[in-house]
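Model the placement of chain B on the given structure of chain A, informed by the hints.
Heads up: the sequence lines are chains A and B, in that order.
In terms of my numbering, the first sequence opens at residue 1 and continues consecutively.
In terms of my numbering, the second sequence opens at residue 1001 and continues consecutively.
Since the hints were derived computationally from the structure, they do not count as laboratory data.
Check the hints yourself; a few may be wrong.
[Said to hold, decoys possible] Part of the chain A face toward chain B, derived, beta carbon under 7 Å:
#1 VAL60
#2 ALA103
#3 PRO121
#4 THR152
#5 ASN158
#6 PHE243
#7 TYR318
[As the list claims (entries may be wrong)] Covered stretches of chain A (chain B as the covering partner; in silico rule of three or more C-beta atoms under 8 Å from a C-beta of chain B):
#8 91-102
#9 112-118
Even for Gly, the Cβ is constructed at its ideal location relative to N, Cα and C.
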Amino acid sequence: MQLSRDQLLRAYRDMATIRAFEERVHVEFAAGVLPGFVHLYAGEEASAVGVCMNLGDGDVIASTHRGHGHCIAKGCDVKAMMKELYGSVEGLCRGKGGSMHIADLSRGMLGANGIVGGGPPLICGAALSAKVMKTGGVAVAFVGDGGSNQGTTLESFNLARVWELPAVFVIEDNGYAESTASSWAVGGDQLKRAEGFGLPARRVDGHDFFDVHDAAGEAITRARSGGGPSLLHVVLDRYYSHFEGDAGTYRGPGEVDRLRAEKDCLKRFRKRVIESALLGKDQVDTIDREVAALIETSVREARTAAKPSAADVLTDVYLSY
Amino acid sequence: MSRKTYRQAVSEALRHEMRRDLRVVIMGEDVSGGLGAPGEQDAWGGPQGVTKGLMPEFGRGRVLDTPISESAFIGAAAGAAATGLRPVAELMFVDFMGVCFDQIFNQAAKFRYMFGGRAVTPLVIRTQYGAGLRAASQHSQSLYPIFTHIPGLKVVLPSSAYEAKGLLIQAIRDDDPVVFFEHKALYDDEEEVPDEAYTIPFGEANLTREGSDATIVAFGRMVKFANQVADSLEQDGIGCTVIDPRTTSPLDSDAILDSVAETGRLVVVDEASPRCNMATDIAALVAEHAFGALKAPVRMITPPHTPVPFAPELEDAYIPSPARIEEAVRGVLAAKR
Chain A
1 MQLSRDQLLR AYRDMATIRA FEERVHVEFA AGVLPGFVHL YAGEEASAVG VCMNLGDGDV
61 IASTHRGHGH CIAKGCDVKA MMKELYGSVE GLCRGKGGSM HIADLSRGML GANGIVGGGP
121 PLICGAALSA KVMKTGGVAV AFVGDGGSNQ GTTLESFNLA RVWELPAVFV IEDNGYAEST
181 ASSWAVGGDQ LKRAEGFGLP ARRVDGHDFF DVHDAAGEAI TRARSGGGPS LLHVVLDRYY
241 SHFEGDAGTY RGPGEVDRLR AEKDCLKRFR KRVIESALLG KDQVDTIDRE VAALIETSVR
301 EARTAAKPSA ADVLTDVYLS Y
Chain B
1001 MSRKTYRQAV SEALRHEMRR DLRVVIMGED VSGGLGAPGE QDAWGGPQGV TKGLMPEFGR
1061 GRVLDTPISE SAFIGAAAGA AATGLRPVAE LMFVDFMGVC FDQIFNQAAK FRYMFGGRAV
1121 TPLVIRTQYG AGLRAASQHS QSLYPIFTHI PGLKVVLPSS AYEAKGLLIQ AIRDDDPVVF
1181 FEHKALYDDE EEVPDEAYTI PFGEANLTRE GSDATIVAFG RMVKFANQVA DSLEQDGIGC
1241 TVIDPRTTSP LDSDAILDSV AETGRLVVVD EASPRCNMAT DIAALVAEHA FGALKAPVRM
1301 ITPPHTPVPF APELEDAYIP SPARIEEAVR GVLAAKR
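This is chain A alone, in the form it adopts within the complex (with noise of 0.2 Å):
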């Protein structure tokens, strides 16, 4: 698929965003002023980015705890993001969601998800939603390696294929569920899996924003026009341990030293947008710039924005009671 130049210029921004994003919470979390559980996306951002170009905010997302890449992907609100994550009121959720269950409808995005497989039945609905309402539109659950294992992951595939629902699944492998390997937690073969449910497949790799781009329009595409579901096994890395704080001893020695070296999805794209001449490397650069200022006075605004008030426990948790 041709991309123009815009689009390719979105590409960048968005997939430089996040890694920043996630390279500057990983500071900030090290500092101590960061409260809860956080979970990094350094290293996946051409899956995020490379699915969610072929989305409108018409389409909707389910994502997982390791959200904050599909939230920036799905258009979120950069600065909101921070401040949610900093617990204000001011916050996307206002402070009630944190890090592990961001979220924001009006983009499409239906949360981040503290519970691992939480989101493919999510995404059935939103699919059916769309298919009921026949707005054209189509649902996307990412799923990590760890979450393909998950009964509700399985479950929605079938059910998204008897539904004949527009939906994909993206199985986002980054080779751990947590501290376990996939190549030991996972039986069989992610496309083998899908087939047996009668889901087209494609594996792409996840460290080459065209490869996954092109795939996911493939499996959008056909789930807009009514072709039903599909799935998408990306496999990339996380450059960051399961959670901050835990200290990756389950990894090899060099291992991310090795990955960020030699499979880094952004120096990828930067290589080849700029060798091709789609690109040039002043444009790449003002992106650089651009997000580092984002980032920086999104921590800047985040850590004065207004915190909520004890009487704010209280709200939020039923329309009437």
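Chain B only, in chain A's frame:
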């Protein structure tokens, strides 16, 4: 107005709302039935026939049979509710919550709160509960206290046909997730039910009997038993107020406290297992807020702390009976403080 069964009342409520609002869809195992099979279509209408006839009228696009995959379709109902539909999902027996509870209590119940008030999840889960059909341990439980425990859920227990129709229409029009408990031993009970649509608000108890000697709070099928007991005691000149809270979440605490303030004597009848159930909840409520009014210790009539048994003799001994309720009322009346 005509006589209708509890089953017909639930069915009418669904039909009214599906005609009124195109966003209302129903889904569940065999809600139509026979899909893909060579024989009759719309063969079941759910295990109790409640939804029979809806598929021919509204089509398969809005009456969705599902595989036996409660996690997937209850979760799909939650996701659909958060994205514009108003699904009514049928969890065939509440005992099956064990294979889908995450989608109810971690997802649907919490969207609005976790997302800072920026989600609306108009989901209804209809489910059968209760003992009495010799269905034994995995198809007979009264698990509504577990749902009542979860902030974000509303929990409804219709005690009669009239109640069922008005409360279900309210549930479907409500913008919060609602779990609607239908007692499997009430489906054939009949009473006068209006033909038109009407709603019964949540959190407003119904006083099915009024008397000044004792208060009986009962839920679901137990309201029927409590009414029988009140009518029987009336013959002896004993006046009971029977309170059907209708919903356990929200709970009409005022109605209970006001009545206890008048009678000073309370019996709570709850078909749920005795620990951490509605009886203990209401006993605690009264102990905290109306202790001074009590003229006798609160009595809780519940099953024993056992699974629901199979053999008729065992199940009959398990279910709270009108005789036990009557004995408890006479007991609180006799108590001296």
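Right, here's what the structure says about each hint:
With a cut of 7 Å, the hint placing A/VAL60 at the interface with chain B holds, because the nearest CB-to-CB distance is about 6 Å. A cut of 7 Å between beta carbons decides the hint on A/ALA103: the least distance to chain B is about 5 Å, and the hint holds. Because the closest C-beta pair between A/PRO121 and chain B is about 2 Å apart, less than 7 Å, the hint holds. The restraint placing A/THR152 at the interface with chain B holds, with a minimum CB-CB distance near 5 Å, inside the 7 Å limit.
A hinted interface residue such as A/ASN158 counts as satisfied when its beta carbon comes closer than 7 Å to some beta carbon of chain B; here the least separation is about 6 Å, so the hint holds. The interface hint given for A/PHE243 is broken, as the beta carbon of that residue sits about 18 Å from the closest beta carbon of chain B, more than 7 Å. Interface restraint check: A/TYR318 against chain B, minimum CB-CB distance 5 Å, threshold 7 Å, status holds. Under a criterion of three residues with beta carbons nearer than 8 Å to beta carbons of chain B, the stated coverage of the stretch 91-102 of chain A is upheld, 8 such residues being counted.
Beta-carbon proximity to chain B at under 8 Å applies to 4 residues in the stretch 112-118 of chain A; the threshold of 3 is reached and the given coverage holds.
Of the numbered hints stated above, the single one contradicted by the structure is hint 6.
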